[in-house]
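*Asks:* If you want the building blocks of each chain, they are given just below.
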Amino acid sequence: MRNIFTPLLVMAALPALAQTQVVNGRVTGTDGSPVPGATIVERGTTNGVTSNADGGFSLSVKPGSTLVISSVGFAAQTIPVSGRSRFDVVLQNSTTDLAEAVVVGYGTQTKADLTGSVAQLTSKDVGDQPVQSFEQSIQGKAAGVFIENSSGKLGQGIRVRVRGVSSISGSSQPLYVVDGVPVVADNLSSTTAATNPIADINPNDIESISVLKDASSSAIYGSRATNGVVLITTKRGKAGGTRFNVGIQGGFNEPTHKRDFLNSQEYVMLLTEALVNRGTTFAVPANIATRLSGYAGGVADPLTYDTNWQDQVLQRAGFQQYDLNASGGTEKTRFYFSGQYSKQKGIIVSNQYERIASRFNLDHQATDRLSFGLNLTATRSVNNRLPNDNAFSTPMQIVALAPITPLIDPRSGQVSGALDPTTGLPNTGFPFYYNPLLSIQGGSYVTTVYRLLGNVYAQLKLTKGLIFRSELGTDVLNQNEEQYLGRVTSRNTGNTNGYGFNTNQTNAKVIVNNYFSYKNTFAENHSLELTLGTSYESARISGNSVTGTQFASDSYRTLDNAAQITAGSSFTTSYALVSYFARAAYAFQGKYLVGGSARLDGSSRFGAERRYGIFPAGSIGWLISEEDFLKGNTTLSLLKVRASLGKTGNQNFGNFASRNLFAGNAGYAGTPGQRPYQLGNDVLGWESTVQYDAGLEYGLFNNRISGEVDIYRKNTTGLLLSQPVPGTSGFSVRNANVGSLRNQGLELTLTTRNFVGDFTWTTSVNASVNQNKILDLAGPDILGSFLNRAQAGQPLGEFIGPEYAGVDPANGNALYYLNSTNADGTLNRGTTTNINLATNVPIGNPNPRWTGGITNTFTYKGFDLTATLIGVFGNQIYDGAAPFFSVGFNNGYDNQTRDQLNRWQKPGDITNVPKAIYGGGNGTGQSSRFVQNGDYGRLRSVVLGYNLPSSLAKRGFLQSARLFVQGYNLLTFTKYTGWDPEVSTDYTTGTNNTTSNNISQGISFYTAPQARTYTVGLNLGF
Amino acid sequence: MKKIVPGLLTAVLLLGGLESCNNKLNVQPVSYIDTAQAFNNSSDVQAALVGCYTGLQSANLYGGYLQFMTDLLADNGDESFVGTFTQPQEAQRKALLITNSQISATWLSAYDVINRTNNVLANINKLDTPAQQASGEGEAKFIRSLVYFDLVRAYGKAWNDGTPASNPGVPLVLAPTLTVTAESNVSRNTVAEVYTQIITDLTTAEAKLITGGGLNSFSATRYACAALLARVYLQQGNYPAAAAAANRAVSTTSLALNGFYGANFGYTTANVSTSSIPAGLTTNANTVEDIFAIQVTAQSGTNQLNTFYARNRRADVTIQPQFLTLFEAGDSRALLYTTPTATTPAYTRKYDALYGNIKLMRVDEMLLTRAEANFRAGTTTGATPLADVNAIRARAGLPALTTVTLAAILKERRIELAFEGFRLGDIKRNMESTADPLTNATIAWNANRLVFPIPFREINANPNLVQNAGY
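Line order of the protein sequences matches chains A and B.
Okay, so the first sequence: first residue is 1 according to my numbering, each after it adds one.
Okay, so the second sequence: first residue is 1 according to my numbering, each after it adds one.
Hints are computed from structural coordinates only; laboratory data are not their basis.
Small disclaimer: the values here were computed from a predicted structure and weren't measured.
By construction, the Cβ of each residue, glycine as well, lies at the ideal position given by its N, Cα and C atoms.
Heads up, a few of these hints could be off.
[What the hints assert, rightly or not] Chain B stretches covered by chain A per the calculated footprint, using a threshold of three residues with CB under 8 Å from any CB of chain A: (1) 43-51; (2) 90-103; (3) 178-188; (4) 457-467.
Let's have the full structure, built from the sequences with the hints guiding it.
*Replies:* Encoded structure:
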C-alpha cells in the first residue's frame, strides 16, 4: 500500500516546487546490503521518493529542510539537509519506528499518528516456515492474538481469536483482508473437520500483516470487525534491476508425542481382572481364554503378538518446498511475480498437503494523475485428508485395538480385518473394531482447491492531497472433494461393493470499493487525513454432491461407474453487503492526535426490520515525547498515550438466519415432502461490541528498550444467539439478539536490544491476558459437546459437570461429589456413586488465562539465530476419549492407557482409578475425572541461518545467499498426559454449527498430536 | 472544476448507492422457502404430510433407535450389546444418564414429527376434496398418536404403575409452532391425558381413513389405526377393546400371514439355509403381513437396526443362549438367528437387508394381541385364542397346541416379536422383571431405572418440565 501511495505523493508535490536543490544518496543496512523501497521524505511535506533496488535515491528538496528516511523493520533516521547533496544512510534494525507506515483499513497511517491498537508482523515472521498457513507462524508473536491449530492433520481449520471470543453463535474468526479485498474464509469441508481457505495464500508472498484489534482501528470494517481484522499486504515490485529469489527447503515431520497404552501382557492381565470382576459367564476361565484367543487372531496363546497400533498410524514423513520469485521494474511499471511448490506429508499415514501457488502483482503509473495495477494469486492445493476425529476409520482410533491382535492376520496373511478367513468375505467381527488401516489401504479422500483471488485498482489524483481510488476485487474458491472406499472397508460403510462420494463447491464473491482519501498539512502544524467511500460485496456459495455404491471393481472409483446412486444434492446460498465508510485523523504539531471513523453497513443477513447498522469509533493520542520537555531525551526516548472507544459488529452467521423457513428435503422413498426448517426473527441483527482501549507506547535509552501496553474491555450485547428452545416446539433452537458477554484484558509487548554492533541480541516478549465472561443469556444455558457449556457468570465453554471425588477405598467404586445445597444453605460435599445425582458445577475453563511468546534473535557477522518460545497457561482440556480408553475396561474391550494399571484392586487401596469391571460403567460418566490442566510452553521455532557475505556471493553472480536450518515445535513443556496440549477436536469445533465451534473448546478426542519439523533451506538472490 | 469533480463523484456514489442498495440487500433463499409460502395449495399440504412419514423414518425414531434402546433397557440377558457407543451401553446397564445424547435426540425427533403433523392438521382444509381431507386428517393423527404412544411409554411411568391420572406423562402439543413464546414452556400432561388424546385421535383417524383411504401407497390405513389402538388398549389392560381393535386390524382379505416367518425379513425358505447373507436381500416390498412399515431405500432413510444388528455391519449385538433356548425343536423362526460356535456368538438375521424397510406393525402381532386380549377377557372376538396361537405356531412349523395358557401366548409373542422394540412395553404391562447385567440383581417392572429420563437439554431449555423420579 505504502508503495502505491508514495509515487502519487511525489506527484502531488511537484507543482509546489520553488527554490529547490537535488539530493541523492544510497540507503543500506548495517551489513552493507542495499535497502530497496526505503521511503525518503522531506519532513513536514508529502514530498518524497522510495529507494531503488540498489538503495539509491534522488529527490528535490528545499535547502533548509530535513530528510526522514524510513523502511519497514529499520529505525527511521532524520537528517538535516544543511546544504549537503550526497547522503549515504545506514539504517539500524528496529522494531519500533514512528515513521513506519502501518497498513490500516482503506489506507495507511504512520506509526506516530496511529491512535488505535494494531499488531504488526512482517515477512520475516511468516516466511520460510514449514507450515501450511501463515497463522501457524504468528502464534506467540502478536499480543492479543490467540492461535490454535486443532491437530496435527494438515490443512485443517485454525482457530484465530483476537482479544477473546466475542460471540457464542456467530463465527469468531477475524475478517481477513488481502490487498484491500475481504477474502473467503468460510469452511467448505463436507466433513465436520474444517478446511482452511487461508492456506491458499502463500506465506512467502506476504509483505506485512496488520491485526486491527481495537475499535478505532477496526470499526471502519463495521459489522464484521468485532473479531478483529487481519490485513495482509503482499509483496510488490520496486523500481530497479530485476531481482530473482530462489528458495529451497526440505526436511521431515514427526509427532510431538505418543501416548502410552497397555502392551499385550498388561492388556491380558487387566482385561482378565476386569472380566473376573464382571462375574457371571464373563469370569469363566474357558470363556476368557476363548475371548482372548478370538482377539489374538485365533492363536491359543494370547501373548503371541504385541502390536503397537499407534506406531502403525503415526510416522516420520517428508516436507519439501520450492519458491521462485522475480521483482523489479521501472519508475512507471513495477512487478512482483512468484511461484511456489510445497509438499508436506503428514505425521499420520496417508495425510498429505500439496500446494502450487503463483502471484502476479503489477503497478503502473499511466500519467501524472492516473495509476492502476493488479494483485492476483492463483493457487491449487491438493489435500489427502483424513476422516474427522469421531470416525471409526480415522487413523488415531486404531489405539482402541487390542495389542494382542496381530497386525497381519496369520490366517489370511493380510492386515487384520481385511478378510474373514472363514468365509473369504470382507471382515466380520475381527478385530473387534473396524481397523482404520483398511481405510488407508482401500480408501482415499482427496480435496482439491482451485483459488483465484485478486483485484484491479485504479487511482486518480484529483487535487493536491486528494486521491480517488477504485478497487474491483474477486475471490473464487472451488473445492472438490472426492472419496472412494473400496470393498475392504465394507465393515465401516456397509457391504455395498464400494462407496464413492464427490462434491464440488464454489464460493465466489465480488467486492467493489470506491473511496476518496485526502491528506494534507496546513500551516505546518495541522495535518489532516480523510477517507470517505463506499463498498459493495456480494457472495454466493453453490455446490452439489453425488454419492454412489455398487462398483464393478475397486479399480473403478468415479461415480459414472456406480450402479446405484444413493444420494445427490445441490444448493445455493448468498448474501450482499452495502457499506459506507468514513475516517478522519487530525494531528496538531504531530503530537496531539484525534481520530474518528464510522461505517454504515446494510446486510441481507439482517432481518427485514433491521437492515442497517452504524458503527462509529473515536480515538485520541498524545505523543508526549514530542513535547519540548522530553524532546531529545534519550532516556525516555518515546512516550505516547492513546485511548479509543468504538462500536463494532459481528454478522458472521447464516445467510438466512432471520427467516421463517420450510425445507423441501423431506421426501419419503421417492415421494416429495416438505418440513418446517427454521424459526425466524424479523428484528435479527448484528451483535454489537463496544470496546474501550487505552494504550501506552514507550521507548527507553534511545529505544534500546521499547514496547506497548494496552488495556481493553469489549462489551458485547445483543448476542446473535442460537438459543435452545423447548424441543416440544418441534425446534431445538431459534436465533435472537439477546444476552451479553465481556472480554477484558491486558497486552504487553517489550523489545530490548541487548547487544548492538557486530554481535546483536534482540529480545521480543509479548504477553496477553484475556478474561472472558458471559454476563447474561436471557434464557437457558447453551450446552456444547461433552461438558462444555455457555452459562451466565462463567467463561464461554466452561466445563460444567459432575465433580469426581475419587475412588471408594472400600469397594473401588467411582464417587462424585453431590455438591447439592443442604437445608441450612451449606454445600453438601457428600459423595454418591450415582453420577446423575451429582450437581453440575464448573470444573474447568478451556480459555487460556494468558498466552505469550518470547523471541530471541542473535546475529553475528553473517550468522543469525532466532528462537521463539510460546506459552499458553491457565486452561483446561477435556479428554473426551478417556471414557473409552482410560476407564479400566469399564466401557468394553478397547485398549487402555497405562495409567489404568493404578486401578483399585482390593479394599483399602487408595487410588484415583476405579475398580476395573468389564463393561461395568464404573467411573465412565463424563466428569471432572477427565479434565486436565492444559498449560504448556513450547519451543515453537528455532532458525539458524548463515548469510554469505555479499562480496563472496557476488563472485557467484549472486546478490545474496542464505543457508538455514530450522526446527519447529522442537520441545514441549507440559504436564498434560494426552497427545498434545495444543488441541481442539475437529468434529466439535470445525463444523458448520458455529455455536458448537465456539462453545466446544478444549476437547481432545483421538486428536492427532502436532508435528515436530526439522528442515534445511537455501535462499539465493540474483 | 477541480473541486466540482470529486463533489459530483461523491454525490453519485453515495446517492446512487442508496437508491439501489435496498434492492441489492433483498437476497432470497434458494434452497428453502419462506414459511408463509409453504401452504399455498393442496399439494403443499400433501407434501407436508409426506414430511411426517419422513420424520418417522428418522434413525432416532422408527429408523431404529427407539426399538433398539427400549429393547436394551428391558433386556434381561436375551441379547448383549458389545459395541463401543456409550448410549446403548447405558441402556443395557439400565443406568441411563440424563445427558444420554440418544435419549435427547429421540425426544427432539419425536416432537419434530408432532410439529409436522400439527402443521398438516392446521392446514387440512386446503386439501382439495373431502376425501383427501379425511385421509390427511386420519394419517396425520395416526402419526401423531404413534409418536405420543411411544413417548409416553418411554418417558413416563407405565399405565399400570400407580395412578395414570396423576403420573407425569409427556407434554401434549397439538398446534403448530410458528413462534416460540413463554407459552412454549409447556408442562408435562399426565399419563392418562396423553392416552386419552391418543385414543381420541386414533378413533377419529380410523373413521376418517375408512372414508378417505390414504393419499399414498405407504400411507397408514384404517387397519394401521386399529392395530395401534390394539397396542394402546393392550398396554392399558383394556382387553375387550384390545381384542376388538386387533380384530378390526386384520379384518380384511388383503392382510394375512406370510407362509414363511423369514419373509418378513427378506428371507425365503431356500436362501435362509445359506450361512452367508444372500446378495440382493431386500425387505423393500411390503408383504401381505405388513399393516404398517417404515419405508427405507438406498436414497431415503436409514435402517439403524441393520447398522447395529447385522453381522456384516457393526455386529454390535450378540444373541445370548438364554434366548436361543426358548425355541422348540423345528421352529423355523430359529432360522433367523445364526448358530453360535466356540469363537463366534449368535446374531439375529432380522435386519440383514441393507436399506430394508422396517416392519412396524404386522398381522402376527395382531393375532397374538387378539389371542392374549381374548384370553384375558374370556372372549373370542374374531377367533379363539387357541386358533390364533396355533396360526402363529403352524406358520413356524410347530405342532398345534390343544389347550392354550397365558404363558404360552406370551412365549410365542416373545419369540415372534423379539428385538423389534416390544420388550419394554410387554414386561411393564405383564409386570415381569428384568436384571442388572452387572450384578444380576432383579429389577422390578416398575423400577425408575426402566423409564427414560427427561433429557437434560430439555430440562435446561424448559424450566416447567419436571424430571422423572430416580434421575
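*Asks:* Each hint: holds or not?
*Replies:* Results of checking the hints against the structure:
no.	hint	verdict
1	43-51	holds (count 6)
2	90-103	holds (count 6)
3	178-188	holds (count 6)
4	457-467	holds (count 7)
In summary, the structure agrees with every hint in the numbered list given earlier.
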